[in-house]
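Q: Chains as they are written, first to last, in this note's numbering: chain D, 79 to 345; chain U, 453 to 634.
No lab work stands behind these hints: they were computed from the structure. Careful: at least some of the hints might be erroneous.
Straight line, CA to CA, 27 Å or less: simulated BS3-like cross-link-like pairs of lysine-lysine [what the hints assert, rightly or not]: (1) K564/U / K296/D; (2) K204/D / K564/U; (3) K619/U / K534/U; (4) K488/U / K153/D; (5) K564/U / K153/D; (6) K297/D / K631/U.
Negatives, chain D to chain U, calculated, CB over 12 Å [to be verified]: (7) G86; (8) W88; (9) D93; (10) D143; (11) T186; (12) K188; (13) H194; (14) G197; (15) G199; (16) S213; (17) D230; (18) N261; (19) G294; (20) P325.
Every value quoted in this text rests on a predicted model; they were computed, and no experiment measured them. Positions of the beta carbon are idealized from the N, C-alpha and C atoms, including for glycine.
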Amino acid sequence: MLALTIYGLWIEPNDVEIHQVSIHDSYFGGVLQNKVIVQITDLHIHTMGKREKKTLDILNSLNPDIVFVTGDYVKWDGDYRPALKFLSQLHARIGVWAVMGDYDYSSTRKSCTFCHEEGSGAPTRKHAVRFLKDSVDVVRFPNGVLRIEGMDGEGGNIFLSGKGIVSSDRKIPSIILSHSPLNFDLIQDDQNILMLAGDTHGGQVPLPGWLFGILGYKKNALYNQGLFEKGRKRMFVSRGIGTSHLPLRLFRTPEVVVFHFSPYDKL
Amino acid sequence: MRTIKNLLFILTSLLFLLSCQQDFKEIVLFDYESDKELDQLYWSCHVLYSVSNDHATHGSKSLKLELFPSDYPGMIPVLAVKDWRDYREFCFDVYNPSEQVVQLWVRIDDRKNYPDSNDRYENKFVLKEGNNHISIPLESLITLGSNRHLDLAKIHRLFIYVHHPIKKTTLYVDYILLKKDG
């Protein structure tokens with residue numbers, strides 16, 4: 079028991095691994111084949127420690143084309159500066175796109191510093207991460223166009239309550255960044271989208287879904303971790319890197335997710 | 453001499469109690485006298501908030517709003533007082549430094565999950581140049597479409613905003629309060 083506690087508190091939370099995920103889709107595969115697409119999420123940074131340095135080392139070794147970051151960079155109402163420092167060290171050949179999570183809005187005033195210089199409306203010079211707040215970017219590749227959408231559930235438009243881009247007419251498939259995996263249910267089943275989400279931490283410890291449900295963690299009960307498919311829509315939920323509530327991870331190793339897109343069906 | 457002293461004491465106490473009673477006739481929700489009060493706002497895109505020494509109508513400072521062109525820039529204060537049943541009127545002051553009138557909207561929700569436009573209170577006020585006192589009788593808080601009186605026991609959200617400004621608009625807000633009768 080003592081060994082398990084030591085492992086869960088001090089060893090596994092710092093043992094960041096690479097999780098390879100294959101996505102077979104004619105459109106995404108055609109556009110993104112041979113590109114290194116990476117997702118990280120739920121960093122909950124208190125200080126630039128061992129786990130954060132290891133994550134950056136992995137990212138640098140992967141030399142990614144695109145990095146997607148799906149929210150929760152800080153501790154609840156904590157210091158935002160270490161998270162900004164981490165974001166300043168994210169680099170990718172094509173770009174880094176991100177959305178914010180509920181923890182990032184624990185101080186809405188400080189949350190502005192993700193996009194702006196402190197005390198002004200000027201764009202931040204601290205990092206090159208592009209935050210999407212209920213907005214869409216379109217990136218052109220030699221083999222087609224990629225829509226990258228960012229769903230902002232917390233600080234979004236009060237008139238649309240964060241659902242503004244759900245009803246948008248998608249003529250081409252989209253990668254949707256959403257901190258909460260529950261937003262998957264807002265997307266129609268016939269839409270060819272890939273949602274990248276986090277928030278669950280994979281539960282941090284292995285518990286059955288029904289128990290998460292009883293404890294009030296609907297997101298974990300429904301979408302704890304991994305790939306989900308319904309109709310044409312798909313979602314990958316990463317168990318993330320940091321911890322919240324308890325500084326513990328047991329058989330839920332922190333992960334950097336690398337996506338491999340292929341236009342061909344699974345063999 | 454002793455009697456005079458006692459009378460003076462009683463008189464002072466009465467005056468103090470009366471002044472307290474006067475205070476209880478209103479509750480100041482937000483006065484924006486220090487930078488700390490800026491944390492009692494939900495910060496969002498396209499708005500800059502700061503505490504200003506200009507155009508205060510209560511205390512010595514006001515809240516300066518710099519609203520940039522966007523859909524609905526404005527302010528959503530974090531409401532500590534959500535039960536408004538004991539009050540008669542919701543009031544605040546707004547200073548418009550521009551020569552042009554500004555149309556200011558006030559939205560009040562009594563439901564947490566972002567009620568539709570027909571199920572919330574929303575009203576427009578025309579701000580002339582200079583100081584404007586906005587006063588909203590709570591009995592007039594009726595939803596737009598469903599004609600329902602807001603549940604004053606459960607006021608969830610206050611949103612003061614400008615609708616699609618085409619250029620940067622600056623306003624100074626101060627002395628947001630609830631008033632009782634009398």
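Q: Which constraints among the numbered hints does this structure fail? Numbers only, ascending.
A: 2, 3, 6, 11, 12, 13, 14, 15, 16, 17
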